[in-house]
Amino acid sequence: MKMVEWIVRRAQGDRARVGTLTGMVCILANVALCAAKGAIGVLSGSVSIVADAMNNLSDASSNIVSVLGFKLASKPADPEHPYGHGRYEYLSGLVVAALVLLIGVELVKSSVERIIHPEPVEFSLALVAVLVLSMVVKLWMAALNQKLGDRIESETLHATAQDSKNDVLATGAVLACAIVSQVTHINLDAWVGLAVGAYIGWSGLELIQDTVSPLLGQSPDPKLVKHIRDKIMSYPGVLGVHDLMVHDYGPGRKFASAHAEMAAEASPLESHDTLDNIEQSFRNEDGMIVTLHYDPIVTDDPKVASMRLRINAMAQQIDSRLSIHDLRCVPGPTHTNVIFDCVRPSDLQMSAEDLKHALAQRVESEYPRSIAKITIDEDYVGHTHE
36 MKMVEWIVRR AQGDRARVGT LTGMVCILAN VALCAAKGAI GVLSGSVSIV
86 ADAMNNLSDA SSNIVSVLGF KLASKPADPE HPYGHGRYEY LSGLVVAALV
136 LLIGVELVKS SVERIIHPEP VEFSLALVAV LVLSMVVKLW MAALNQKLGD
186 RIESETLHAT AQDSKNDVLA TGAVLACAIV SQVTHINLDA WVGLAVGAYI
236 GWSGLELIQD TVSPLLGQSP DPKLVKHIRD KIMSYPGVLG VHDLMVHDYG
286 PGRKFASAHA EMAAEASPLE SHDTLDNIEQ SFRNEDGMIV TLHYDPIVTD
336 DPKVASMRLR INAMAQQIDS RLSIHDLRCV PGPTHTNVIF DCVRPSDLQM
386 SAEDLKHALA QRVESEYPRS IAKITIDEDY VGHTHE
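Quick note on the numbering used here: the sequence shown kicks off at 36 and runs consecutively.
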């Protein structure tokens with residue numbers, strides 16, 4: 036699509052400018068469509084066409100909100116907001132979604148009123164031409180926002196793309212209604228407006244859910260989690276990764292932390308240098324700040340290694356998604372403390388206390404002179420074997 040490439044060139048790699056330019060193009064298109072549909076709707080007396088015109092005016096307002104969101108999100112970090120202002124973009128996406136819902140509700144209300152008090156609708160070729168042209172423009176806008184949204188990973192542009200698709204369906208329904216009414220002389224205008232309004236309202240609710248999730252702290256993209264794990268594990272000396280957390284402060288502003296398991300027998304200075312190199316690699320290649328914690332594990336004690344494998348198998352007998360880490364043994368005159376952490380998926384039906392009790396029973400049954408000291412960790416990145 037030529038417009039996509041033109042916007043990308045004009046933006047010169049600036050994400051905020053891509054969003055701003057896209058919003059400006061959509062504002063102009065929506066204002067033009069609103070004027071054309073509004074004139075035809077008033078002249079023909081069609082409530083569904085007038086409502087469709089108001090929908091375009093609302094879309095233009097949504098585009099203005101999107102432009103403001105991109106502008107605010109691009110503000111640099113300051114002492115009060117050290118992680119930047121990237122979540123403004125999520126907030127603007129939420130406003131767009133709320134406006135979509137509002138349009139659906141208003142369209143339902145106006146359609147119900149017209150069902151109660153029906154009025155004739157005048158059919159004309161100009162009406163058909165304007166509605167067909169509107170559908171073509173909206174399909175183009177949907178493709179534009181979808182492609183640019185994918186390119187810069189923007190929920191705001193994805194929401195705008197979905198709204199444009201809704202508009203195509205809404206306008207198509209209005210056009211079909213006008214043609215059917217002309218042929219059959221049955222006035223379906225208000226009923227079609229009601230169906231379109233309900234569909235737009237439902238889409239608004241789904242968009243609200245999609246835009247609220249990152250604000251509440253949704254699980255990170257599994258592909259991103261896998262990339263982080265694989266990259267850390269690709270360095271020599273790293274034996275495992277656990278306690279991975281990813282914090283999202285807006286597009287392009289992701290922070291992560293993890294514990295990297297390394298041999299306790301290796302030089303601490305060399306291990307620390309390896310972790311520094313990994314952190315620097317994430318910063319330079321991924322634009323992400325990753326903080327790694329050095330977690331030494333004993334690798335030259337066959338008894339501990341065997342116990343680690345056995346206890347991990349016990350955990351997976353309870354649930355295949357469970358895993359353990361940080362196993363260490365502290366022997367005493369009467370018993371040995373077996374200390375470890377177990378990662379619990381957030382959707383596991385068993386409570387943390389019940390899981391701890393069940394796992395302790397298995398460990399102490401397998402190793403009679405031991406007492407299990409277990410810490411239950413929550414899985415903050417979704418299920419992945421550690």
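Hints were generated in silico from the structure; no laboratory data involved.
Don't take every hint at face value.
To be verified - So the derived label-pair ranges between C-beta atoms look like this: (1) Pro-155 to Trp-175: 50 to 60 Å; (2) Asp-389 to Leu-240: 31 to 41 Å; (3) Pro-337 to Ala-301: 27 to 37 Å; (4) Pro-337 to Thr-369: 22 to 32 Å; (5) Leu-78 to Pro-153: 14 to 24 Å; (6) Thr-219 to Gly-322: 35 to 45 Å; (7) Asn-312 to Asp-335: 20 to 30 Å; (8) Leu-240 to Asp-382: 45 to 55 Å; (9) Thr-219 to Leu-103: 39 to 49 Å; (10) Ala-233 to Gln-351: 44 to 54 Å; (11) Asp-308 to Leu-240: 18 to 28 Å; (12) Phe-290 to Trp-175: 30 to 40 Å; (13) Asn-312 to Gly-252: 44 to 54 Å; (14) Pro-257 to Glu-154: 49 to 59 Å.
Unchecked claim - Below, computed lysine-lysine pairings styled on DSSO-like, alpha-carbon distance capped at 27 Å: (15) Lys-106 to Lys-200; (16) Lys-37 to Lys-144; (17) Lys-37 to Lys-261; (18) Lys-182 to Lys-200; (19) Lys-144 to Lys-266; (20) Lys-338 to Lys-408; (21) Lys-144 to Lys-200; (22) Lys-338 to Lys-391; (23) Lys-200 to Lys-110.
This structure is a prediction, so every number in the text was calculated from the model and none was measured.
Cβ coordinates follow ideal geometry from the N, Cα and C atoms, glycine included.
Given the hint that Lys-144 pairs with Lys-200, test it: the Cα-Cα distance must not exceed 27 Å. This hinted pair holds, its Cα atoms lying about 22 Å apart.
Please test the hint of 45 to 55 Å on the beta carbon pair from Leu-240 and Asp-382. The hinted range 45 to 55 Å is violated for Leu-240 and Asp-382, with Cβ atoms some 23 Å apart.
Return holds or violated for the Cβ distance of Asp-308 and Leu-240 against the range 18 to 28 Å. For Asp-308 and Leu-240 the Cβ distance comes to about 51 Å; the hint is violated.
Does the hinted range 14 to 24 Å hold for Leu-78 and Pro-153 at CB? holds, 18 Å
Consistency of beta-carbon spacing, Trp-175 to Pro-155, with hint 50 to 60 Å: violated, 33 Å
Verdict for Pro-337, Ala-301 (Cβ pair) under range 27 to 37 Å: Since Pro-337 and Ala-301 have Cβ atoms about 18 Å apart, the given range 27 to 37 Å is violated.
State, for the Cβ atoms of Asn-312 and Gly-252, whether the hinted interval 44 to 54 Å holds or is violated. violated, 30 Å
Would the hint linking Lys-338 and Lys-391 be met if the CA-CA limit is 27 Å? holds, 23 Å
Given the hint of 20 to 30 Å, check if Asn-312 and Asp-335 actually sit that far apart at their C-beta atoms. holds, 25 Å
Holds or violated: Lys-182 with Lys-200, Cα cutoff 27 Å? Measuring from Cα to Cα gives roughly 14 Å; hence the hint holds.
Thr-219 and Gly-322, beta-carbon distance inside 35 to 45 Å? Because 59 Å falls outside the window, the suggested range is violated.
Is it true that Pro-337 and Thr-369 lie within 22 to 32 Å of each other by Cβ? holds, 24 Å
Hints 1, 3, 6, 8, 11, 13, 16, 17, 19, 23, counting from the list given before, are not met by this structure.
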